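First to last, the sequence lines map onto chains B and E. If you use our numbering, the first sequence closes out at 240, no skipped numbers anywhere. If you use our numbering, the second sequence closes out at 240, no skipped numbers anywhere.
Calculated from the structure, these hints are not laboratory results. Note that the structure is a prediction, hence the values are computed from the model and not measured. Wrong hints could be hidden among the right ones.
Which copy? The list can't say, so a pair holds if one copy fits it or any two copies do.
Heads up, simulated SDA-like pairs for lysine to any residue below, C-alpha to C-alpha not over 20 Å straight-line [as the list claims (entries may be wrong)]:
| no. | residue 1 | residue 2 |
| --- | --- | --- |
| 1 | LYS88 | THR217 |
| 2 | LYS179 | GLU233 |
| 3 | LYS75 | GLN103 |
| 4 | LYS93 | GLU219 |
| 5 | LYS20 | LYS156 |
| 6 | LYS136 | GLN103 |
| 7 | LYS165 | ASN149 |
| 8 | LYS165 | TYR176 |
| 9 | LYS45 | CYS218 |
2 protein chains.
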Amino acid sequence: MEITSLQNAKVKYWVSLKNKKIRDKDQVFLVEGDHLINEALKKNLVVETISTVSKDRNYFVTKEIMQKISNQKSICKEAAVCKFLKSEDIKGNVLILDGLQDPGNLGTIIRSAVAFNFNTVILSIDSVDLYNDKVIRASEGMIFHLNVLRGDLKDYILKLKAKGYEIIGTKVTYTKKIKYSKKNIALVIGNEGKGIKKNILNLCDKYKYIPMEKTCESLNAGVAASILMYEVYNAQIL
Amino acid sequence: MEITSLQNAKVKYWVSLKNKKIRDKDQVFLVEGDHLINEALKKNLVVETISTVSKDRNYFVTKEIMQKISNQKSICKEAAVCKFLKSEDIKGNVLILDGLQDPGNLGTIIRSAVAFNFNTVILSIDSVDLYNDKVIRASEGMIFHLNVLRGDLKDYILKLKAKGYEIIGTKVTYTKKIKYSKKNIALVIGNEGKGIKKNILNLCDKYKYIPMEKTCESLNAGVAASILMYEVYNAQIL
Numbered sequence: 003m004e005i006t007s008l009q010n011a012k013v014k015y016w017v018s019l020k021n022k023k024i025r026d027k028d029q030v031f032l033v034e035g036d037h038l039i040n041e042a043l044k045k046n047l048v049v050e051t052i053s054t055v056s057k058d059r060n061y062f063v064t065k066e067i068m069q070k071i072s073n074q075k076s077i078c079k080e081a082a083v084c085k086f087l088k089s090e091d092i093k094g095n096v097l098i099l100d101g102l103q104d105p106g107n108l109g110t111i112i113r114s115a116v117a118f119n120f121n122t123v124i125l126s127i128d129s130v131d132l133y134n135d136k137v138i139r140a141s142e143g144m145i146f147h148l149n150v151l152r153g154d155l156k157d158y159i160l161k162l163k164a165k166g167y168e169i170i171g172t173k174v175t176y177t178k179k180i181k182y183s184k185k186n187i188a189l190v191i192g193n194e195g196k197g198i199k200k201n202i203l204n205l206c207d208k209y210k211y212i213p214m215e216k217t218c219e220s221l222n223a224g225v226a227a228s229i230l231m232y233e234v235y236n237a238q239i240l
Numbered sequence: 003m004e005i006t007s008l009q010n011a012k013v014k015y016w017v018s019l020k021n022k023k024i025r026d027k028d029q030v031f032l033v034e035g036d037h038l039i040n041e042a043l044k045k046n047l048v049v050e051t052i053s054t055v056s057k058d059r060n061y062f063v064t065k066e067i068m069q070k071i072s073n074q075k076s077i078c079k080e081a082a083v084c085k086f087l088k089s090e091d092i093k094g095n096v097l098i099l100d101g102l103q104d105p106g107n108l109g110t111i112i113r114s115a116v117a118f119n120f121n122t123v124i125l126s127i128d129s130v131d132l133y134n135d136k137v138i139r140a141s142e143g144m145i146f147h148l149n150v151l152r153g154d155l156k157d158y159i160l161k162l163k164a165k166g167y168e169i170i171g172t173k174v175t176y177t178k179k180i181k182y183s184k185k186n187i188a189l190v191i192g193n194e195g196k197g198i199k200k201n202i203l204n205l206c207d208k209y210k211y212i213p214m215e216k217t218c219e220s221l222n223a224g225v226a227a228s229i230l231m232y233e234v235y236n237a238q239i240l
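Bound conformation, chain B alone (with noise of 0.2 Å):
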């Protein structure tokens, strides 16, 4: 179907899925660009296509159209809706992410998650939304790899524990070397600011850090979860 009015309801909402309360009420998000819809296509999530070159897909629009809709500066030639991701079951490393503020770190820490064999992520009720634009486009496609979870990291502690999880949380202070053991493991990175809650921290078996120079105070915390998955990858399966 073609649409060249700026007024017509289908584009006023895909534009109302730039808000996460629309998004969370339909169960919908919007991605940008080849990669992505082709991503989301091989999990069988798309809904409807949007294009400003193809009359192939669902609907064929001006770039007027895509512009508005659009999160990015210089827009792409095609969109779609698709599909929340369906949760399953916790299997393999998890990371946990307690808090976690920044859209851009989120999305970079999916990405490492998928390369350093963590299969899925907790996300603790006050982290920022798996659904953001930016969370979708740092992640470079992975979100779609991944097994993402959201809910009261307590409860979820827990759990993991009573499955015979390892929990290793992460502090920017000194503690003394661990050694990852073979075990599945449910790494903690918490709030750039402000760490990890201490009521959380309370929970870990063992604590991390990751040794650097005084003059530097902290990494950035996609940074931080990124080395710390890594070298859970090279001590378990390289």
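Use these hints to put chain E onto chain B, whose structure you have.
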């Protein structure tokens, strides 16, 4: 001095510092927030300070003025005009960035470089501007603790080789495992999409890749650079 008019010439000048050409002409840039101002003061780089709360600063301005000169949505109470960093001689480990484009990545990399004892970062001519406000923010003030150079990478690499540096290129495809020597190392990281340019790759002595699951084609450039600097730090110092 108190300023209340948005039309004031000083205000217009501070706003103009959002423009790279003006920054380059005057060799100054704007930083926002206590933390960055304090880091700049330590290095004697502050030209003038601007505040919405304290009359002790050089300029006492309204919130509307701060809003106008700020690059952030939630404005800071204080800002400062700072001189460009002075270039120093190359010493210690070096990170070379070939066409890095994302300002957040550069800021993150600068932060990690200071953390992992890389003293110098060399930017290719086509890399993102060091004084882009997003670079400065993402560096968390670490920009003031690093020697940053910009120029023709081929010239720099030849100079580094003459000084006995080992030049290590990075690839996203498999290369055989290497051991880091105790010699000074120059690590080369490429553009986010295209990697390292062929003529630069050909100048490298060794190549390093980060092993990862096949589902993920590559890591975020800031993450990749940080992981490799951390590996060098581990091999040489810890």
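Against the earlier hints, flag every one the structure doesn't satisfy and list their numbers going up. 4, 5 and 8
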